[in-house]
Each structure stands twice: as C-alpha cells, then as structure tokens.
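Chains A and B are the protein sequences, given in the same order.
What the first sequence shows, in the working numbering, is residues 1 to 213, in sequence order.
What the second sequence shows, in the working numbering, is residues 1 to 84, in sequence order.
To be clear, the hints were calculated from the coordinates, so they are not data collected in a lab.
A few of these clues could be false.
Covered by chain A, per the in silico footprint, the following chain B stretches (three or more residues, Cβ under 8 Å) [to be verified]:
#1 25–32
#2 50–56
#3 64–78
Label-pair ranges, simulated between beta-carbon atoms [as the list claims (entries may be wrong)]:
#4 E23/B x E84/A: 42 to 48 Å
#5 S6/B x G86/A: 41 to 47 Å
#6 A168/A x E5/B: 22 to 28 Å
#7 D25/A x N72/B: 49 to 55 Å
#8 R201/A x N72/B: 17 to 23 Å
#9 S109/A x A34/B: 38 to 44 Å
#10 E11/B x G37/A: 32 to 38 Å
#11 G26/A x N72/B: 52 to 58 Å
#12 A34/B x G86/A: 43 to 49 Å
#13 E11/B x E28/A: 37 to 43 Å
From the structure, some residues in chain B lie toward chain A, with a derived Cβ separation under 8 Å [what the hints assert, rightly or not]:
#14 R15
#15 M38
#16 E41
#17 A42
#18 L45
#19 Q60
Beta carbons: idealized from backbone N, C-alpha and C, even for Gly.
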Amino acid sequence: MLRQAVALGRDVAPDTMGCSVTTLDGDEYHTPVYSDGLALDLDRAQYDAGDGPCMAAAREHRYQYFDPMTDGGRFPGFTEAAVERGVRSSISLPLTTADRFAALNIYASSRHAFDADRPRAVAGLLARCVSALLASAEGTRLAGDAPAAASKIEAAQTRARLIAEAEAALMTERSLSRADAFSVLTRRSRAETRSIFDVAREVVGAGEGGRAR
Amino acid sequence: MTATESGLSLEAGMRLSGMSFAELWLRHIAVSGAIGEMELEAYVLGLLIPDDYQHNLIAQALNEYFIELGQNHPVAYRDTATAG
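Produce the complete structure using the sequences and hints provided.
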C-alpha cells in the first residue's frame, strides 16, 4: 500500500521523474520506499553530499522547493548530482509520524513543475496519505492534541444533530428525501443571507417544516 | 449530476478561504457531513467527483465560513431543484 501511494507521486505534476520517502533514524537518513531507481539514486546523492532538500524537509519539518538553477548555493554538494541526472525542480514535504522525522520527495525534469497551486495541493494530499500509512505501519496513531480535537468534534456533532433534526422535520412534514430537505435548508440560508444553523434552529423550534421555503 | 449554479468551485472557495482541510472537515461534520478528511480533500481538489448532495454539503461548509465574514454564499451549489 505504501509503495502504491509513493508510486502515485509520479502523477503529481507533468515531467515527474520519481518519488521517494526519506526517514531520519538517529543521525542516519534512509529511503525505505521509492517509485523507481532514479528517485533512490537522487536521495542517496543527498545523503552522500551531506545535505539536500529531502533531508532538510525531514529534519526541519518544512516544505522544500528546489530549483538547481537558482538554489544551488543552498545544497552545493547535491546540486551537481541533481543536474547530471536531469532534475530541474523538486518538492519535499515533511511527513507527520509519531516517532520519527520523514519527508516525501518528488523530482521533476522541468523547472517550476511544482509552482502552481494544484500540484502543490495534490502533493500535500499525497503526503498526508503517506503519513497515515507510515503511522499505521509503525503501529502509531496520529493523535495530536487528542482532548482538544475531541472537543471540537463534539461541538461539530452537536451542530450536526440540529441540522439532522431540521431535516427530519422537513422530511416528515413534506415527504422529502434527506438530500432534498438539506436543499431546502441551504436555499433558505441563501435567500435570507444567514447561517444554515439559524435556519435549522428556527425550523426545529417552530415546527415549521411545512413553511420552510 | 445536475447543473452547477454560478459561483466559486469547491477548490476555488477553499483556496479563497485559506482554511486548513482539518477546519473544513469539522465544518463539514457540523452541517451533517459524514466523510473522512482525506475523502473530503479529494472531492475539493477534484480527484473524486462528489454526488450533488455531497457537493452541496461541502459547499455549505465553505459558505458557512464566508457567512461569518459577512459574505453571501460565494461557493456554488448544484441545483437539485426538486425540493421546492
């Protein structure tokens, strides 16, 4: 599953050459998963050079956008190896795991391959998937601040119950499907320029499912 | 799938809001949505195609954010048009 996810990295942007995962164990960097040999080779070139964007992303837990034509000064040891192998841009994204530093790396043969919002967003989504798979593989959980998160979810669920009650009133009184009852609430929210929660409260409180527009 | 009304796409609305996907997910739960955060992201980014109901749930979750800022529902809904 992790290998399949990393293989998807090749579809993040046009001209993508390969995708890999870098992990930092103690003071040693490793590439446990990669889409193809070139990605592994590029990761190892960074480890041999002593620094590179994927190592920086894992170590500093920050996104790294790398263009060897303009960023050579940041990673001089790696830049030459990257250019030799045809890399013209790369993106490295930190991965959230409970007990280790890691990064997802994607290399491309064109400059600015990851400049647009969309490839960045898709790469971000893939990084989250890989984080979850890594965490699962390590037997850990991405708990974060569990009590605060639980409190927010509980508040959201309380509001959801209000919407569900309003939907139920509309479904009963007007013989609507749940989707259509929801449409009635959204339509009224738009017509009256106010929150759907205010509309739902009114529908439930007044028992006015039959009168909602 | 029915017609999409005029307004922002889910992706454009998400970008404009500056919200995190975690925050959008909570807002989506609050309007009675029930999908996971990654599935939500995939719908917003256009990697999966939501049905009309799912689309409108996400649009409402985004629009609730904009309503709090005094804006009137900039994200487009799909007009299901049967519940009038």
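The hints, checked one at a time:
Figure legend: the region 25–32 of chain B, annotated as covered by chain A; annotation consistent (6 residues with Cβ-Cβ distances under 8 Å, at least 3 required). Three residues within the 8 Å Cβ limit are the bar, and the region 50–56 of chain B against chain A gives 3, so the coverage statement holds. Counting residues of the region 64–78 of chain B whose beta-carbon sits less than 8 Å from any beta-carbon of chain A gives 6, enough to reach three: the coverage restraint holds. For E23/B paired with E84/A, a C-beta distance near 43 Å keeps the hint of 42 to 48 Å intact.
For the pair S6/B and G86/A, the supplied restraint of 41 to 47 Å holds, since their beta-carbon distance comes to about 44 Å. With their beta carbons about 26 Å apart, A168/A and E5/B fall inside the hinted range of 22 to 28 Å. Checked against the hint of 49 to 55 Å, the pair D25/A and N72/B passes, with Cβ atoms roughly 52 Å apart. Checked against the given bound of 17 to 23 Å, the beta carbons of R201/A and N72/B, roughly 19 Å apart, stay inside it.
Look at S109/A against A34/B: about 42 Å separates their beta carbons, and that is inside 38 to 44 Å. Between E11/B and G37/A the beta carbons are some 35 Å apart, a value that agrees with the proposed interval 32 to 38 Å. Distance hint check: the CB atoms of G26/A and N72/B are about 55 Å apart, consistent with the given range 52 to 58 Å. Restraint check, A34/B to G86/A: a C-beta distance of roughly 45 Å satisfies the suggested window 43 to 49 Å.
At about 40 Å, the CB distance of E11/B to E28/A agrees with the hint of 37 to 43 Å. With a cut of 8 Å, the hint placing R15/B at the interface with chain A holds, because the nearest CB-to-CB distance is about 6 Å. Hint status for M38/B relative to chain A: holds, with the closest Cβ pair at about 6 Å, below 8 Å. Because the closest C-beta pair between E41/B and chain A is about 5 Å apart, less than 8 Å, the hint holds.
At its closest, the beta carbon of A42/B sits 7 Å from a beta carbon of chain A; the interface hint therefore holds under the 8 Å criterion. The closest approach between the C-beta of L45/B and any C-beta of chain A is roughly 6 Å, which is under the 8 Å cut-off, so the hint is satisfied. For Q60/B, the shortest C-beta to C-beta distance to chain A is roughly 5 Å, which falls under 8 Å, so the interface hint holds.
Checked against the numbered hints given earlier, this structure breaks none of them.
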